[in-house]
Amino acid sequence: MSGSPLRRGVPIVAGCFAALAVAVLTAPLIGSTPISLVRAFDRTLPFADNVDAQIFFIARLPRALAAALVGATLAAAGVVFQGLLRNPLATPYTLGVSAGASLGAMVAITFDLSLPIGGVAPAALTGASLAVLVVYWLATMRHRGFSTTVLLLAGVTLNAFFSALILFVQYIGDFAQTYRALRWLMGDLDVAGYRPILTALPLVIVALGVFAWLARPLNLLSMGADAAATRGVNVERAQRAAFFGASLATGAAVSVGGPIGFIGIIVPHFVRLLVGSDHRLVLPASIGLGAAFLVACDAVARIALSPVELPVGIVTAVIGGPFFLWLLVRKR
Amino acid sequence: MKSMAWLLAVVLVLAVRVDGPEGGPGHARDQHPQRIISLVPAVTEMLFAIGAGDQVIGISSFDRYPPEALTRTRLGALVDPDVERILSLRPDLVVVYGTQDDLIARLSRADIALFSYEHAGLADITATIRRLGDRIGRRDEALRVVADIDAGIEAVRRRMAGRPRPRTVLVFEREPGSLRGMFASAGHGFLHDMLDVAGGENIFGDVDRQSLQVSMEVLLARAPDVVIELQPAGDWTPERLARERALWNTLSGLPAVRHNRVHILVNSALPVPGPRVLQGIRLLADALHAGTGSR
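If you're matching them up, the sequences are chains A and B in order.
0 is the number of the first residue of the first sequence in numbering that gives the first Met the number 0; add one for each residue after it.
0 is the number of the first residue of the second sequence in numbering that gives the first Met the number 0; add one for each residue after it.
Note that these hints are calculated values from the structure, not bench results.
Beta carbons are placed, not taken as given, at the ideal position from N, Cα and C, and that holds for glycine.
Honestly, I wouldn't trust all of these hints.
In silico contact screen, one side only, chain A against chain B (beta carbon under 10 Å); selected entries [claimed, not checked]:
hint	residue
1	25
2	48
3	50
4	52
5	120
6	170
7	195
My request is simple: use the sequences and hints to build the entire structure.
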């Protein structure tokens, strides 16, 4: 692997992070209400009386940060799942993690588990973790080592199974609960404070650390497990790390914003069009661009129909879907 | 041949649907229904309020009131009416939502009379009670109930006249344990109308729909003087009530939070557009104009 494609990719990665910086700095400036930045940052006014500061720091900034965290995590997890499963159609949701998270959220909503703090998020994270363990157990039960084929089949099946359970739980709820559940499934980044972000952050940081270590093994794994093994990759360990890292990161992201679609598949593929397939470039570029994209989509969701909110999952799909198709058609 | 069969099927369906949802052929209009099924909780309450409770033989899965109604057979609701059991009870009137096209078509085919209902504003509640009274032969009782409601509403209006009208957000849905997933009454519908009678100014009165999801930004920008949350009765211990109210303290900038005017009203009457609407309006009026901090 020569250094030159890597070096050529570095400015693009830097560009993706520049886009993220622009998005995170711009998003809190726009919204349905005009605010004065001077007043928002005026320390002489008491915070309780300063509506501009409250809109900036309670409503907009946590949203932009949540969007950045969720977007970065889902895009990176998408890259890792596509590399692990050697399947370009894999998404962070392929192996049932988000279905597990959704099931947890649906159970919490329908059975009105009144959690003292954090609302539905802890239940979603619990559901995601259980799904991860079940899929892992299925994939390793009858096989020595780690079969990605069994993993994929088990994950897809579990996904369908959980989806049925989600419908069942929704069905036994009443109207209000069913509506609340449906709305949760559309994705929402109005986190109403920093607590959800801080709760998810440790898991995401650990996962991103794992991803950084995984970049080289994933490059070699893309040639097949045997080829990677002959080049000194501990295949099983790398696969296990990729599976747990990406799954738990996805669970954390979904617990913050709900199962927001499209990020985990559009962003990695778009990035590959820009920088090629070297994971040392694809991973950081996807993190930057995924975060920037979701921050921008959430800004659209906030202002498009203001004061009515548009679910952000609809925006990512409506903007992302056609854009991605256009890229595909143009490429051929 | 096949297309002919299709055509015939379509013609048959149309023929049945022609006489529409209200009343099927073969039921004389002057013959008052004795076996009524109501799939609409608000209308179930109306039936009992106008003294027709004994004629009610089936209710929806979501009925919670009045207590004597709860002994009746439950037969599904908006999305899952149990058509087989409805038919097996041999009703002579079924109260349905106007949007239940499929159910309306099937019951019409079975020659069962229907009373169709749609959610709307406060005035529609009394209009529905009157229409129901006419339909089941209890006109006088219905008019009495309507007169009581109208008089009560008028009394509340008079009591509120001249008082300041606090800018209020009426939240009817929220994720428990956090301030996320919040929905509030917008510029149409009975909740908006009830708030208006109770002497509150809906901060979303300008939004041309029945409800909207409230973002933190819009809530902070519109700065309500009073927050009222409606919770249908449930497992609400005083501890839980205090915990849920305390969540609002993160929005210390809202006048409602600063002046301790966040109210969580736990009452089964509030979200039902039925004969207990006056009770709901009085609860709202008390919350709006009580001193501070009461529930």
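query: With 10 Å as the cut and Cβ atoms as the points, is residue 48 of chain A at the interface with chain B?
result: It holds, given that the least Cβ distance between residue 48 of chain A and chain B is near 7 Å, below 10 Å.
- prompt: Hint check: is the beta carbon of residue 50 of chain A less than 10 Å from a beta carbon of chain B?
  reply: The hint holds - residue 50 of chain A has a Cβ within 10 Å of chain B, the shortest such distance being about 6 Å.
message: Min Cβ distance, residue 52 of chain A to chain B: is it shorter than 10 Å?
response: holds, 8 Å
field: Restraint satisfaction for residue 25 of chain A [CB to CB of chain B, less than 10 Å]
entry: With Cβ-Cβ at 15 Å, over 10 Å, it is violated.
task: So, residue 195 of chain A near chain B? Judge it on the closest CB pair being under 10 Å.
output: Since the shortest Cβ distance to chain B is 8 Å, the answer is holds.
message: For the restraint on residue 170 of chain A, tell me whether the closest CB of chain B is nearer than 10 Å.
response: holds, 8 Å
- prompt: Under the criterion of a CB-CB separation shorter than 10 Å, is residue 120 of chain A in contact with chain B as hinted?
  reply: holds, 8 Å
Violation of the numbered hints given earlier is confined to hint 1; every other hint is satisfied by the structure.
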